[in-house]
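The listed protein sequences derive, respectively, from chains V and Y.
So the first sequence is residues 1 to 70, counted in this note's numbering.
So the second sequence is residues 1 to 587, counted in this note's numbering.
Be aware that a few hints might be false.
The calculated DMTMM-like cross-link candidates involving lysine to aspartate or glutamate, where the alpha carbons are at most 25 Å apart (straight line), are [claimed, not checked]:
(1) Y:K85 x Y:D181
(2) V:K59 x Y:D525
(3) Y:K586 x V:E60
So, partial list: chain Y residues that the calculated Cβ filter (under 7 Å) puts toward chain V [to be verified]:
(4) I312
(5) A418
(6) A424
(7) K586
Across the chosen pairs, the derived CB separations fall in these ranges [stated by the list, open to error]:
(8) Y:T337 x V:L26: 37 to 47 Å
(9) Y:A400 x V:L26: 16 to 26 Å
(10) Y:F397 x V:D41: 20 to 30 Å
(11) Y:K199 x V:Y39: 22 to 32 Å
These are computed hints drawn from the structure, not numbers from a lab.
Note that the Cβ used here is the ideal one computed from N, Cα and C, for glycine as well.
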Amino acid sequence: MLQKIRKLVVSLGACLLFVYVFLPYLTKSVDILDRMADYLDNNGIDPTRYYYTDVVQVKESENYLNTVLH
Amino acid sequence: MAPTDSSIAADSSVVIDHGRSSWSDLWKKEDYLAIWLGFLIIAISLTAYFGFGPREEFAKKIAAAEQIQSAEAAKAPFKTIAWYKAENDKKKLKGSNSAFGKFITHWTKHPGSWKTNPADAFIRTDAQAKAMNQKAMPVYEEAKGKAAAVLAAAQQAESAAAAAAFKDSALNDAAVATIKDWQSAEKKAGAAKGKTTNKAYNYIPTLVGLCVFLVVIFGAGMALMKKSFTEFAKGFVIVFLVATLAYMLGGQAISKQYGFGAEAWGVLLGMVIANSIGTPRWVLPACQVEFFIKTGLVLLGAEVLFSKILAIGIPGIFVAWVVTPIVLVCTFIFGQTVLKMPSKTLNVVISADMSVCGTSAAIAAAAACRAKKEELTLSIGLSLVFTAIMMIAMPAFIKAVGMPEILGGAWMGGTIDATGAVAAAGAFLGEKAMYVAATIKMIQNVMIGVTAFCIALYWTMRVERQAGGQDVGAGEIWHRFPKFVLGFLAASILFSVLDSTMGKGMSDALLNGGAVKGGTKLLRDWFFVLSFAAIGLSTNFRELAKYFKGGKPLILYVCGQSFNLVLTLTMAYIMFYLVFPEITAKI
Numbered sequence: 001m002l003q004k005i006r007k008l009v010v011s012l013g014a015c016l017l018f019v020y021v022f023l024p025y026l027t028k029s030v031d032i033l034d035r036m037a038d039y040l041d042n043n044g045i046d047p048t049r050y051y052y053t054d055v056v057q058v059k060e061s062e063n064y065l066n067t068v069l070h
Numbered sequence: 001m002a003p004t005d006s007s008i009a010a011d012s013s014v015v016i017d018h019g020r021s022s023w024s025d026l027w028k029k030e031d032y033l034a035i036w037l038g039f040l041i042i043a044i045s046l047t048a049y050f051g052f053g054p055r056e057e058f059a060k061k062i063a064a065a066e067q068i069q070s071a072e073a074a075k076a077p078f079k080t081i082a083w084y085k086a087e088n089d090k091k092k093l094k095g096s097n098s099a100f101g102k103f104i105t106h107w108t109k110h111p112g113s114w115k116t117n118p119a120d121a122f123i124r125t126d127a128q129a130k131a132m133n134q135k136a137m138p139v140y141e142e143a144k145g146k147a148a149a150v151l152a153a154a155q156q157a158e159s160a161a162a163a164a165a166f167k168d169s170a171l172n173d174a175a176v177a178t179i180k181d182w183q184s185a186e187k188k189a190g191a192a193k194g195k196t197t198n199k200a201y202n203y204i205p206t207l208v209g210l211c212v213f214l215v216v217i218f219g220a221g222m223a224l225m226k227k228s229f230t231e232f233a234k235g236f237v238i239v240f241l242v243a244t245l246a247y248m249l250g251g252q253a254i255s256k257q258y259g260f261g262a263e264a265w266g267v268l269l270g271m272v273i274a275n276s277i278g279t280p281r282w283v284l285p286a287c288q289v290e291f292f293i294k295t296g297l298v299l300l301g302a303e304v305l306f307s308k309i310l311a312i313g314i315p316g317i318f319v320a321w322v323v324t325p326i327v328l329v330c331t332f333i334f335g336q337t338v339l340k341m342p343s344k345t346l347n348v349v350i351s352a353d354m355s356v357c358g359t360s361a362a363i364a365a366a367a368a369c370r371a372k373k374e375e376l377t378l379s380i381g382l383s384l385v386f387t388a389i390m391m392i393a394m395p396a397f398i399k400a401v402g403m404p405e406i407l408g409g410a411w412m413g414g415t416i417d418a419t420g421a422v423a424a425a426g427a428f429l430g431e432k433a434m435y436v437a438a439t440i441k442m443i444q445n446v447m448i449g450v451t452a453f454c455i456a457l458y459w460t461m462r463v464e465r466q467a468g469g470q471d472v473g474a475g476e477i478w479h480r481f482p483k484f485v486l487g488f489l490a491a492s493i494l495f496s497v498l499d500s501t502m503g504k505g506m507s508d509a510l511l512n513g514g515a516v517k518g519g520t521k522l523l524r525d526w527f528f529v530l531s532f533a534a535i536g537l538s539t540n541f542r543e544l545a546k547y548f549k550g551g552k553p554l555i556l557y558v559c560g561q562s563f564n565l566v567l568t569l570t571m572a573y574i575m576f577y578l579v580f581p582e583i584t585a586k587i
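Pulled out of the complex, with its shape left as it was, chain Y reads as follows (with noise of 0.2 Å):
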């Protein structure tokens, strides 16, 4: 997929210059289009959010949180139950329960969970809701007597310690002992709380709404692109039919506890229409994955925030921003050098997936080294595969060999692929083991930016003037480079700047509970939904298969696998054991 449109020189030292960018590009070119809808969708969420939210409103409400909790932190040695109570009202204030939040949210739903039937992902009645709520209610009720019970043990324990002015060491350890118990009964109740809010729901108008949106500004892309609008939007129907269906296959309880979720359904569906049936021809001209798949990565830059990286301290930016970008390398080279991988772009788009974070770092990576369609799936089936074997055997070795708690989670935080198994694995070895694999897992998702663009800037300046065999000038290279990665960098280094400029508590009501979750975020959901639809919908079984011949991508995968294991934990054991136990205690 290299551009070719340079002028190729016979002598090969001669520095080309020939690209061929122009102003027109702007409005003409894919990559510059996804950056426009992206940052469209982008500009529509912050100033809804911001222009028009409670900002003021969540101002006040935060500044008093924070009043109590300095009051608080001054008052005791530790954090009393009217801090905790501060915090929790502080995480109450989402942006997404506003009037456009609710409105964003209702008109890009997706087929919901389902165990059973599988027209619960779409309709759910009354009385069904009804029913769901009584069930789940005698839970609730048990657990908020518990939570009430425990509240006033934490109540009592912390009176003492203040009675002794929290002097007394042995009261202050108590009262820390059961407010941490009050904490974790709260969250108990507030889980049991959450099932029984059912409410009625018919998705199939919402759908029919969102199918028509996005066929008008995919279409108006495509007609900016100088292709037929009318094209597109008849074959989009089928995209997006796929979609949903993908959505509600992946929705189904197993399915999903084994990582089968709507991404892999969608093209594990694509396939087996158009290796069947075949995908009628009408349908191709909507298959447009890269212009899906970039404008879902635009939207994912708003997710990058550079802040998270601290999240854990040091140890977790060793683990996650040492330890990866290590394993990337290593095994793109053993695979370039030992394995004589026949694809480059195979090679760096299973190195990246299987190294930082899966699905996401390999539709990044594949991007932006212009994979091809083939090679993102099967990389992706990899992944896929490996997660949900190293989401159940891992916490059942680490029980087995008596592993600690917290260095298991930085374990299998930084080396299974998926957050959400990652999330999985932690919370089935311990809570503690959760919070930081899920953690160190975050800071490595972060890693997908900088890992887009040294990928897009590798294969512009030496994979493709290697091919080419000419050293290439400025123009040249910027005419080659992926300009999707500039945009996606640049939500990011702007979300990051909103994010540490307008305090924590500001962040997480506005940026990331409102113009994030209740806006870029539901659409880069369908966006890389639609593309995988259409990436099935587009895939020759016979293509797939050259790409596997030999077996030479799932030995890398391995093998890059095994040596992320051995480094990960390594460097979990000398980071959190040695070299920082304090903060390792403090966990």
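So here's chain V without its partners, still in its complex pose (with noise of 0.2 Å):
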């Protein structure tokens, strides 16, 4: 059990690590990266969404087409 209990801890610390200080790590120090992650929190864009409805920037986007080609 106490092995078990070890894979767990070493498996989710890897994936704790790679996602919470790596790609921090990573933004921080690729200058288009940085950017980008403050680009994307300043203007509320969330990139895991997957669908037209979950993002906001659809309908404005939409809405926009409507008012320029119509």
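Hints in hand, dock the two standalone chains.
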């Protein structure tokens, strides 16, 4: 059981380290990624959303195109 | 996962028509139960918003705004300030602001966003909310001041154009330009205002209530399928807990930036548990992946509106609805004939995921062809990795080569998998790029209904028939056909008809802003995250590795996506710059 728990801690720890330590480090180290992070934060864009109704910017785009094309 | 309960005849030319469908399937089979549950939620949402919602009040306000817009359109050759103000008044109308909307939104909340403290995903105190609002206030005040100043300039420019009876084109152009600046300043002020309206919350009681509700609705379905309600309820608490933690982990800002949302965390967290300490046996009866997915897909049907296809005219149809099926079919054929993919279902799920719209298409395709959960996991994993890379690399490449914004936007919209990532990449390239990219993606999103139906039909009539080696009759085809796809299509048709008959203003306010965003979508989100948590909890790493053997799925994705990139760029160039340059000029 102890070995199983160790396995859980190591696997979960590796995932968390990758996402919450390595990726922030990568973001801070690469200028374009850092700018992108700020941009997403300031504009409230969530890249994890996969369908159009989940993304506010889609409605905004639809409205814009409706206004300029019609 | 192909059904094997039909009779097998020795002579392959004999038509088999021994489907075992019966009336009791309607209340005993998962596919039908997913349809009933989905439609129950849809019916409640529609009744609440259209029967008891502020329909008449909205109708009056929309009519008043449209009257102003008609008068302004008759007066000036461009859209005036009053026209835009009326348009903004219409946009403010949302059914989800009604009492029912607030109630259902509150009771379906999931853990929110956070940056440094995971507890922020669940609880925010009054003091924290006030501090956040105070911090954001100076930016808002500045943005508000700028917007007011630009509005004054726009009013002055419009008055000058009006004084010349809107016949001086230079004055008209100046008015159009300043009105556009005002719109842009208003947008910034609106975004800044949003950051000053943070409220305190505690989602824990909400999550407990939601868990109980979900146990009841899915547990009732389990009982109808002659499975134990109690065993399901016990295990479901763990599945729900994993889904909740997945929402929390996926809500962190950097995790979101790279596209690792709740769905990805659900699978990952579940798999880590399953492959380390092992998923307890009593949890497995609650890992009803297909039940959650099918119900979620029926609800997703409410968001597949066919009117969206025309959002950007014919160029959009060619980029999203002509290129996409060509890429899907070619990738599938390439996978079968050249790569000799060992699994047809894995092949079609990756092909749909890569060519249509990522996760949602993968879910729909996997359910339609009865793919294994490992195949869905693998396909979504590939999509997540490539989405994160393409979201960053494509705008950088487009900027570096000096490609026009609209062409770049159309290219990204047609190729990057997830809609959120498309919006992010488009916005990073420029405002117009985002408008085009997000709209192309939206048109492509609508294709998942047709994709799921065609895959289900092809699998039932060709793939499973070939596997069995006999011709099958209509009864057998009906028996094998995944019925939930019909629920998915029925929801799509119902909402598309409602959308086209009630007018854009009312549809935006009560259908999209009410029944969907204040109803079906809230639960659809949860159902998909629950299904991913359940997939993770019941997936064995070794099983998953077996599907990746030889790297064929990766090769398939890379080859298909490369073809997609070339074809989409070519089509976007032809459509937006050679055939319809007037549309590009207007954007």
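Where does the structure disagree with the numbered hints, that is, which hint numbers, in rising order? none
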